[in-house]
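Asker: So the protein lines, in turn, are chains X and Y. Take the first sequence: its letters are residues 6 to 204, numbered as in the working numbering. Take the second sequence: its letters are residues 6 to 204, numbered as in the working numbering.
These are calculated hints, taken from the structure and not from any lab test. Beta carbons: idealized from backbone N, C-alpha and C, even for Gly. A portion of the hints provided could be inaccurate.
[Stated by the list, open to error] Think about it this way: if two alpha-carbon atoms lie no more than 27 Å apart in a straight line, the pair counts; the simulated DSSO-like pairs of lysine-lysine are:
{"#": "1", "chain 1": "X", "residue 1": "LYS38", "chain 2": "X", "residue 2": "LYS20"}
{"#": "2", "chain 1": "X", "residue 1": "LYS52", "chain 2": "Y", "residue 2": "LYS52"}
{"#": "3", "chain 1": "Y", "residue 1": "LYS38", "chain 2": "X", "residue 2": "LYS57"}
[To be verified] These stretches of chain X come out as covered by chain Y in the derived footprint (C-beta under 8 Å, 3 or more residues):
{"#": "4", "region": "18 to 29"}
{"#": "5", "region": "58 to 68"}
[To be verified] According to the in silico footprint, chain Y covers these stretches of chain X (three or more CB under 8 Å from chain Y):
{"#": "6", "region": "37 to 49"}
{"#": "7", "region": "87 to 97"}
Protein chains: 2
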Amino acid sequence: MQSAELQHLIQLLAKLPGLGPRSGRRAALHLVKNKQTLMHSLMVSLKEVYDKLLSCSTCGNLDTSDPCGICTDPRRENSSICVIESVADLWALERTSSFKGKYHILGGVLSIQQGNTPDKLTIQTLVDRVAAEKPQEVILALSATPEGVTTTHYLVDALKSYPVTVTGIAHGVPIGGELDYLDDGTIYAALKERRPYSS
Amino acid sequence: MQSAELQHLIQLLAKLPGLGPRSGRRAALHLVKNKQTLMHSLMVSLKEVYDKLLSCSTCGNLDTSDPCGICTDPRRENSSICVIESVADLWALERTSSFKGKYHILGGVLSIQQGNTPDKLTIQTLVDRVAAEKPQEVILALSATPEGVTTTHYLVDALKSYPVTVTGIAHGVPIGGELDYLDDGTIYAALKERRPYSS
Numbered sequence: 006m007q008s009a010e011l012q013h014l015i016q017l018l019a020k021l022p023g024l025g026p027r028s029g030r031r032a033a034l035h036l037v038k039n040k041q042t043l044m045h046s047l048m049v050s051l052k053e054v055y056d057k058l059l060s061c062s063t064c065g066n067l068d069t070s071d072p073c074g075i076c077t078d079p080r081r082e083n084s085s086i087c088v089i090e091s092v093a094d095l096w097a098l099e100r101t102s103s104f105k106g107k108y109h110i111l112g113g114v115l116s117i118q119q120g121n122t123p124d125k126l127t128i129q130t131l132v133d134r135v136a137a138e139k140p141q142e143v144i145l146a147l148s149a150t151p152e153g154v155t156t157t158h159y160l161v162d163a164l165k166s167y168p169v170t171v172t173g174i175a176h177g178v179p180i181g182g183e184l185d186y187l188d189d190g191t192i193y194a195a196l197k198e199r200r201p202y203s204s
Numbered sequence: 006m007q008s009a010e011l012q013h014l015i016q017l018l019a020k021l022p023g024l025g026p027r028s029g030r031r032a033a034l035h036l037v038k039n040k041q042t043l044m045h046s047l048m049v050s051l052k053e054v055y056d057k058l059l060s061c062s063t064c065g066n067l068d069t070s071d072p073c074g075i076c077t078d079p080r081r082e083n084s085s086i087c088v089i090e091s092v093a094d095l096w097a098l099e100r101t102s103s104f105k106g107k108y109h110i111l112g113g114v115l116s117i118q119q120g121n122t123p124d125k126l127t128i129q130t131l132v133d134r135v136a137a138e139k140p141q142e143v144i145l146a147l148s149a150t151p152e153g154v155t156t157t158h159y160l161v162d163a164l165k166s167y168p169v170t171v172t173g174i175a176h177g178v179p180i181g182g183e184l185d186y187l188d189d190g191t192i193y194a195a196l197k198e199r200r201p202y203s204s
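Please model the entire structure based on the sequences and the hints provided.
Answerer: Here is the structure:
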């Protein structure tokens with residue numbers, strides 16, 4: 006019913022996260038309907054990204070230059086490195102404009118199920134960076150999952166022989182969150198990590 | 006934070022139906038992560054569809070040939086034309102394998118809001134096809150919306166001087182549907198269009 010070319014495009018679009026077979030069809034039709042505008046732009050844009058985008062050999066960020074714009078930005082502080090799992094986490098942190106240091110993308114967390122052994126992640130690169138760049142602080146901002154916690158412990162251990170303060174981001178009640186709707190783990194963490202109000 | 010190229014790709018992906026800014030970011034990252042497999046295939050596939058796909062000048066279907074595969078298929082009956090709004094509707098009908106005639110894609114329904122006047126749709130082409138191909142039946146399968154019903158009435162009127170039976174698809178309780186959860190309009194239609202059981 007659909008030409009082979011269109012069917013292939015639908016199958017590929019359906020592989021994108023958030024899309025499935027039905028929305029893949031809708032997306033393909035939308036592209037064909039807007040052939041000269043959206044479809045052509047998307048083709049050009051994909052080629053640009055495909056040709057130009059690099060992974061920063063220092064921190065793992067995606068950019069058109071290596072080292073990336075953040076690693077070479079003189080306004081960013083060299084005194085702290087924030088360790089995160091993925092580029093998506095870097096974007097999320099950058100959106101808040103609350104961190105002015107450098108990043109280090111781990112490429113995931115330790116996981117036996119996913120075959121993520123320490124050598125699959127950029128742990129050695131992080132240790133080498135800490136040794137060479139001598140930051141004052143390494144902030145661990147990994148997921149609050151069992152695998153994330155395991156990885157955090159592993160990193161604390163790997164960095165313990167270096168003169169650097171290793172910190173972890175706070176866990177607790179999300180802003181706007183109601184206690185009644187929160188899971189027990191979060192309430193436990195929020196209570197355990199309670200802080201005095203500065204008077 | 007993101008390179009201009011990546012930001013542009015995210016913006017374009019976010020324009021696809023079913024995606025937004027957040028899922029556009031996820032889709033872009035997924036593409037970059039699977040650069041040699043998914044991203045490259047998508048680039049090739051988009052170019053194929055962009056270069057080869059045509060709109061059938063007879064029925065409006067999308068195919069690599071004009072007239073399209075359905076219009077030139079000798080196994081399809083010439084005796085009936087099914088009038089639908091879009092290519093998506095054609096695909097939906099073809100998935101059921103329940104119609105063996107030809108199609109006619111209207112390109113939408115009459116709508117003052119969307120600026121769809123009769124000359125914006127392929128109504129004249131349909132009338133010309135009926136005059137030339139002399140089908141026995143024209144099946145109107147438009148949306149059961151006020152605009153769809155208006156368009157159906159308009160088409161019935163436009164075709165009334167031709168020796169052709171104009172029919173409409175049935176409205177009623179969907180298969181698997183429970184009366185209690187159906188809207189009043191559907192229940193009214195189902196009751197009004199009730200049929201005797203053949204004994």
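Asker: Hints first: check each against the structure and report whether it holds.
Answerer: Hint check:
{"no.": "1", "hint": "LYS38(X) / LYS20(X)", "in the structure": "21 Å, holds"}
{"no.": "2", "hint": "LYS52(X) / LYS52(Y)", "in the structure": "11 Å, holds"}
{"no.": "3", "hint": "LYS38(Y) / LYS57(X)", "in the structure": "14 Å, holds"}
{"no.": "4", "hint": "18 to 29", "in the structure": "holds (count 7)"}
{"no.": "5", "hint": "58 to 68", "in the structure": "holds (count 3)"}
{"no.": "6", "hint": "37 to 49", "in the structure": "holds (count 8)"}
{"no.": "7", "hint": "87 to 97", "in the structure": "holds (count 5)"}
The structure fails none of the hints (numbered hints given earlier).
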